[in-house]
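**Student:** The lines below spell out each chain.
There are 2 protein chains.
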Amino acid sequence: MHWSKLFIPTLRETPAEAEVVSHQLLLRAGYIRQLSSGIYSYLFLAQRSLLKITKIVRDEMDAIGGQEMLLPMLNPAELWQESGRWDIMGDDMFRLKDRFKRDFCLGMTHEEGMTAIARGEVRSYKQLPQIWYQIQTKFRDEPRPKSGLLRLRQFIMKDSYSFDLDAQGLDVSYDKHYGAYCKIFDRCGLKYSSVEAHSGAMGGSQSHEFMVASEAGEDFIVQCAHCGYAANLEKAASVAVPPSQPDPEGDFTPERFHTPGRKTITEVAEFTSLPETSQMKSLVMVADGKPVLAMLRGDHSLSETKFGSVTGAKEIRTANPDEIREWFGAEAGSLGPVGVKNMRVIADEALQGRKNMIAGANQTDYHLRNVTPGKDYQPEYFDLRQVASGDACLKCGSPVALVKAMEIGHIFKLGYRYSEAMGLKVLNETGEEITVIMGSYGIGVERILSSAIELYHDKDGMALPAAIAPFGVVITPVNFSDATLRKAAEEIYAECLKAGIDALIDDRDERPGVKFKDADLIGIPWRVTVGKKLAQGKVEIVDRRAKVTVEVPVVEAAAYIQQRL
Amino acid sequence: MHWSKLFIPTLRETPAEAEVVSHQLLLRAGYIRQLSSGIYSYLFLAQRSLLKITKIVRDEMDAIGGQEMLLPMLNPAELWQESGRWDIMGDDMFRLKDRFKRDFCLGMTHEEGMTAIARGEVRSYKQLPQIWYQIQTKFRDEPRPKSGLLRLRQFIMKDSYSFDLDAQGLDVSYDKHYGAYCKIFDRCGLKYSSVEAHSGAMGGSQSHEFMVASEAGEDFIVQCAHCGYAANLEKAASVAVPPSQPDPEGDFTPERFHTPGRKTITEVAEFTSLPETSQMKSLVMVADGKPVLAMLRGDHSLSETKFGSVTGAKEIRTANPDEIREWFGAEAGSLGPVGVKNMRVIADEALQGRKNMIAGANQTDYHLRNVTPGKDYQPEYFDLRQVASGDACLKCGSPVALVKAMEIGHIFKLGYRYSEAMGLKVLNETGEEITVIMGSYGIGVERILSSAIELYHDKDGMALPAAIAPFGVVITPVNFSDATLRKAAEEIYAECLKAGIDALIDDRDERPGVKFKDADLIGIPWRVTVGKKLAQGKVEIVDRRAKVTVEVPVVEAAAYIQQRL
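Residue numbers (our numbering), protein chains in the order written: chain A, 40 to 604; chain B, 40 to 604.
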């Protein structure tokens, strides 16, 4: 294509509203424009890149036997009421009424829609397994859309759904997806990790997220550089760093002492001259309306997700001051487990075997020393703790690191959540009715583009992987009004097209500096500069990412690019 | 692909809810399933066909320099308020509020969105022309969705928009689209006509519709078999059939006579023994609140679209009985033009030069004879009449025909409607600010599939054009459990794939009859039957549409198909 005919509105300045690099560059390079908060128009370059991404996704989904479909975005309320998600989704769901005042929503995912199709038509084990997918726009009314294409209210997802007769079948479908996802992200040129993810309270049994490490991310993953263990923060487990001071030996009884104005773990640690690892943290949570006391080591944080799985509660919150006063007779900051009745008490495993620690006395401005779990109170032990940087890897003992990351894909063993709610059953070999087991799998299409930009950019702009760059090469005559340069450039351009290379020719009447800057900004992986070297029958070929220039004979230029793409 | 692994839920029975053939067959052949009124899930076969269609559309749009984009479906109200369409669209537009109670709608088309992008970034004549397009889901809250994929509430459109400096530029963009549309519909294998269409009250200057003649259609087109003239009914003009009886000669004065209970043209014609062509029809219309009397020859019908263009009114309706009594002092059925004051009187050109006709007397149960337009009342003459079958072609005089048809594409010179309302201006060569002139162009993607089915089907199912059929060929071993047949079938299948043919192998453990029936139903253009002829090294190749079978040596089967696709 000829640049002069295209609409590529590059900007000189970094737009003030854009915080993360991918957002800045997508705006500056003329890929996208905002229409409303979290809602963007994808201009020519973005759409070109997204089409390349979706082609890769489609190829790999087809390769595992996925059957592409396209389900409606407008969904009648009844469909989501069947699964119970009409209520659960709350304000995150865009809802509307049609002209006859019937309730509809805009699809956030399509577990319901797919299950409804299968329910009507899949009746025998012989029809299983099935993998159905679509590449389609989804809607989510994010309260705080941000970071350009990273948290959108309207976005493109590849979502797929597997239907199997039994758990072994689901394992196969799951593994196929795992493999396809790796191929997709590899082909898109991303550096990513797959991490174990929490399968949530929905009855799912296994889940992996595919994450790209990036400061622009909103998630954390835990990684062990030594053995390769990786999990998202919600799911990750580790061996806590040992207490920085051993517990006092001896069989002491809890003993109250005055801690005026000392409420936080840090304050009490300072006051008692005992480290945070010698303190116990008491958190009063409310799980589905019932109080639960969660005990952790002073330097540890509660993982709400783990707490959620342990309690199985749908609604979790911290108790408010009034509730705390009513239940404990003391203010937050002086709470502890000793003497607590009428309430479930759970403790993180890191407290198991500890003794003679500090805890609140359930009397404002008082604490207890010599509190020993298992003796002075009887908790149930669970892994409740969020992993911290420097903890020992559960698998190999090396220290793990916490890394900011963005999710690009998620695979999930749904189990019977939807098939049971919606009555999706088949007859098995012996004629019994069997509920179908399902998996659900997603890829954020725009996220592939955004994360590629986050991974590969420099001060001059994007340095996109060739597979997803809007063009493979740009041919840049330094002066298009020079007939010799123009002719040579057009010839190389024609050669590239003939070789099947997705080429662009910068035929604009602009200074070479402007052309180079624009090409660097929009991230085309290769540039062929047709300039004064032409007199010697040569052109310069620039590798955008490596910023390395080589001289190549004109006649070999297209072949050189073709080899490298 | 192997049929046994696919989800192709064919039905034996024709679903009762489906009226038109394409709807029946799309359901029976397992292409689509309804989710809600006018909202369908596109299953594997439909999506495969739609992907082929969109690829053709994309190819040809790219070939005319179209730049693909993707604009949001969620549109903020402000955008549509700028053009005034927020109010105009009424109940046809799906509207919703986000979590912050801000108004949004679901995009019906994207004139506003595209103009908003251009307005921000296209500033110089040097950046023109531009053609921007997208292939995207649109929403329209149809009051009466029906006919399967023919009138949907959610549907896929290719919509494009051209931006030019002047009318000559728009002519070029328009002609490019005209050419691209012809190529698209040709490649999709459709038989279609392009007809002149009414450009509406929006200030557009030229418009063509691309129509497929079909009993399932909801539009009418007027066609002249002799000279090729074609126009949609709203736009079409013709020479009316001459009156069946000449007007009485002489310079008579209108004369009242009693016509008890005779209200319709037919009744008065019978009563007076004068043909309907000797009667005048008086229609009282209300255009933007004001009464207008429209006069037509007794056997003619008013075209509301032509009436709308003549009056320039936004709201048009027929007057109600109370209004008629108030304005005329008589009941409908006895109305006429003589003596009418305080009201615009317009007449169809077919009344020009007529004399001594019958009209209502504006007194209930009375008519006038000897009414001569231009003498007894002074109308303005316009083309107001809907063309009727048998009228003479304006261009060649041959009789025209009225044909039912469905619209598959529409191209439209928008003019300044949106650029003016939204302030899209560029600087021209001399530095003046010039409002950009626009065109708007649409293709209904599902309609291509539906109309292909309407055109090409027989009692056994669809007979789709190869370019848009979900598969090019199906290889059908008559007995898949026979190892010899299976091996031969798999070999031909592999050969087909190697030759780039989109092949399906029917590896199901079904009787040959079931396999043949299903293949015919889903409309695969070629079938290779691997059966008892294999002993002689041959297979049967069946042309689905022609129902012709030839015997071909096994080794030539793939090449035979490849040549024909």
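Just so you know, the hints here were simulated from the structure itself, not pulled from any lab data. Some hints could be false.
[Claimed, not checked] BS3-like cross-link-like pairs, simulated, lysine-lysine; straight-line CA separation at most 30 Å:
id, chain 1, residue 1, chain 2, residue 2
1, B, 556, B, 230
2, A, 230, A, 165
3, A, 94, B, 44
4, B, 394, A, 44
5, A, 537, B, 44
6, B, 586, B, 572
7, A, 464, B, 556
8, B, 577, B, 498
9, A, 136, B, 140
10, A, 136, B, 353
11, B, 136, A, 140
12, B, 498, B, 556
13, A, 94, B, 443
14, B, 586, A, 140
15, A, 165, B, 526
16, A, 44, B, 165
17, B, 165, A, 353
18, A, 537, A, 498
19, A, 222, B, 571
20, B, 556, A, 556
21, B, 443, B, 380
22, A, 136, B, 185
23, B, 572, B, 526
24, A, 94, B, 140
25, A, 222, B, 537
26, A, 94, A, 577
27, B, 353, A, 140
28, B, 222, B, 571
29, A, 577, A, 498
30, A, 464, B, 464
31, A, 165, B, 140
32, B, 464, A, 44
33, B, 140, A, 222
34, A, 185, B, 140
35, A, 44, B, 222
36, B, 537, A, 537
37, A, 140, B, 577
38, B, 353, A, 165
39, B, 222, A, 94
40, A, 537, B, 136
Just so you know, these numbers come straight off a predicted model, no measurement behind them.
**Student:** Hints first: check each against the structure and report whether it holds.
**Tutor:** How the hints compare with the structure:
1. With a C-alpha separation of about 26 Å, the suggested pair residue 556 of chain B and residue 230 of chain B falls inside the 30 Å cut-off, and the hint holds.
2. Among the hinted pairs, residue 230 of chain A with residue 165 of chain A is inconsistent with the structure: their alpha-carbon atoms are about 39 Å apart, more than 30 Å.
3. Between the alpha carbons of residue 94 of chain A and residue 44 of chain B the distance comes to roughly 22 Å, so the proposed pair stays at or under 30 Å and holds.
4. Pair hint residue 394 of chain B plus residue 44 of chain A does not hold up; C-alpha atoms about 61 Å apart against a cutoff of 30 Å.
5. The suggested pairing of residue 537 of chain A with residue 44 of chain B is violated, with an alpha-carbon distance near 38 Å, which exceeds 30 Å.
6. For the suggested pair residue 586 of chain B and residue 572 of chain B, the alpha carbons sit about 19 Å apart, so the restraint of at most 30 Å is met.
7. This hinted pair checks out: residue 464 of chain A and residue 556 of chain B have alpha carbons roughly 28 Å apart, not beyond 30 Å.
8. Distance restraint check for residue 577 of chain B and residue 498 of chain B: the Cα-Cα separation of roughly 29 Å lies within the 30 Å cut-off, and the hinted pair is therefore satisfied.
9. The hinted pair formed by residue 136 of chain A and residue 140 of chain B meets the criterion: a straight-line CA distance of about 15 Å does not exceed 30 Å.
10. Of the pairs offered as hints, the one joining residue 136 of chain A and residue 353 of chain B holds, with about 27 Å between alpha carbons and a cut-off of 30 Å not exceeded.
11. In summary, the hint linking residue 136 of chain B to residue 140 of chain A is supported, as the alpha carbons are separated by about 15 Å, within the 30 Å threshold.
12. Under the criterion of a C-alpha separation no larger than 30 Å, the hint pairing residue 498 of chain B with residue 556 of chain B is consistent with the structure, at around 11 Å.
13. Restraint check: the Cα-Cα separation between residue 94 of chain A and residue 443 of chain B comes to about 39 Å, which exceeds 30 Å; the hinted pair is violated.
14. Between residue 586 of chain B and residue 140 of chain A the CA atoms are separated by roughly 49 Å; this puts the pair beyond 30 Å, and the hint is violated.
15. A C-alpha spacing of about 22 Å is found between residue 165 of chain A and residue 526 of chain B, which places the hinted pair at or below 30 Å, so the restraint holds.
16. The straight-line distance between the Cα atoms of residue 44 of chain A and residue 165 of chain B is roughly 9 Å, inside the 30 Å bound, and the hint therefore holds.
17. The suggested pairing of residue 165 of chain B with residue 353 of chain A is violated, with an alpha-carbon distance near 60 Å, which exceeds 30 Å.
18. For the given pair, residue 537 of chain A sits about 33 Å from residue 498 of chain A by alpha-carbon distance, which is inconsistent with the 30 Å threshold.
19. In summary, the hint linking residue 222 of chain A to residue 571 of chain B is not supported, as the alpha carbons are separated by about 43 Å, beyond the 30 Å threshold.
20. For the hint linking residue 556 of chain B to residue 556 of chain A, the alpha-carbon distance of about 61 Å lies beyond 30 Å, and the restraint is violated.
21. About 40 Å separates the Cα atoms of residue 443 of chain B and residue 380 of chain B, which puts this hinted pair outside 30 Å; it is violated.
22. At roughly 19 Å between alpha-carbon atoms, residue 136 of chain A and residue 185 of chain B fall within 30 Å of each other, so this suggested pair holds.
23. About 14 Å separates the Cα atoms of residue 572 of chain B and residue 526 of chain B, which keeps this hinted pair within 30 Å; it holds.
24. Under the criterion of a C-alpha separation no larger than 30 Å, the hint pairing residue 94 of chain A with residue 140 of chain B is inconsistent with the structure, at around 37 Å.
25. Under the criterion of a C-alpha separation no larger than 30 Å, the hint pairing residue 222 of chain A with residue 537 of chain B is consistent with the structure, at around 23 Å.
26. The straight-line distance between the Cα atoms of residue 94 of chain A and residue 577 of chain A is roughly 35 Å, outside the 30 Å bound, and the hint therefore fails.
27. Between residue 353 of chain B and residue 140 of chain A the alpha-carbon distance is near 27 Å, which keeps this suggested pair within the 30 Å criterion.
28. For the hint linking residue 222 of chain B to residue 571 of chain B, the alpha-carbon distance of about 42 Å lies beyond 30 Å, and the restraint is violated.
29. For a cut-off of 30 Å, the pair hint linking residue 577 of chain A to residue 498 of chain A stands: about 29 Å separates their Cα positions.
30. For the given pair, residue 464 of chain A sits about 61 Å from residue 464 of chain B by alpha-carbon distance, which is inconsistent with the 30 Å threshold.
31. For the hint linking residue 165 of chain A to residue 140 of chain B, the alpha-carbon distance of about 49 Å lies beyond 30 Å, and the restraint is violated.
32. A threshold of 30 Å between alpha carbons decides the hint, and for residue 464 of chain B with residue 44 of chain A the separation of about 18 Å falls inside it, so the pair holds.
33. With a CA separation close to 42 Å, the supplied pair residue 140 of chain B and residue 222 of chain A exceeds the 30 Å bound.
34. At most 30 Å may separate the alpha-carbon atoms for a hinted pair to count; residue 185 of chain A and residue 140 of chain B meet this at roughly 19 Å.
35. With a C-alpha separation of about 23 Å, the suggested pair residue 44 of chain A and residue 222 of chain B falls inside the 30 Å cut-off, and the hint holds.
36. Restraint check: the Cα-Cα separation between residue 537 of chain B and residue 537 of chain A comes to about 22 Å, which is no more than 30 Å; the hinted pair holds.
37. Distance check on the hinted pair: residue 140 of chain A and residue 577 of chain B sit about 62 Å apart at the alpha-carbon level, beyond 30 Å; violated.
38. Note on residue 353 of chain B and residue 165 of chain A: the hinted pairing is violated, with a Cα-Cα distance of about 59 Å set against a maximum of 30 Å.
39. For a cut-off of 30 Å, the pair hint linking residue 222 of chain B to residue 94 of chain A stands: about 24 Å separates their Cα positions.
40. A hinted pair counts as satisfied when its Cα atoms are at most 30 Å apart, and residue 537 of chain A with residue 136 of chain B does not qualify at roughly 50 Å.
Violation of the numbered hints given earlier is confined to hints 2, 4, 5, 13, 14, 17, 18, 19, 20, 21, 24, 26, 28, 30, 31, 33, 37, 38 and 40; the remaining hints are satisfied by the structure.
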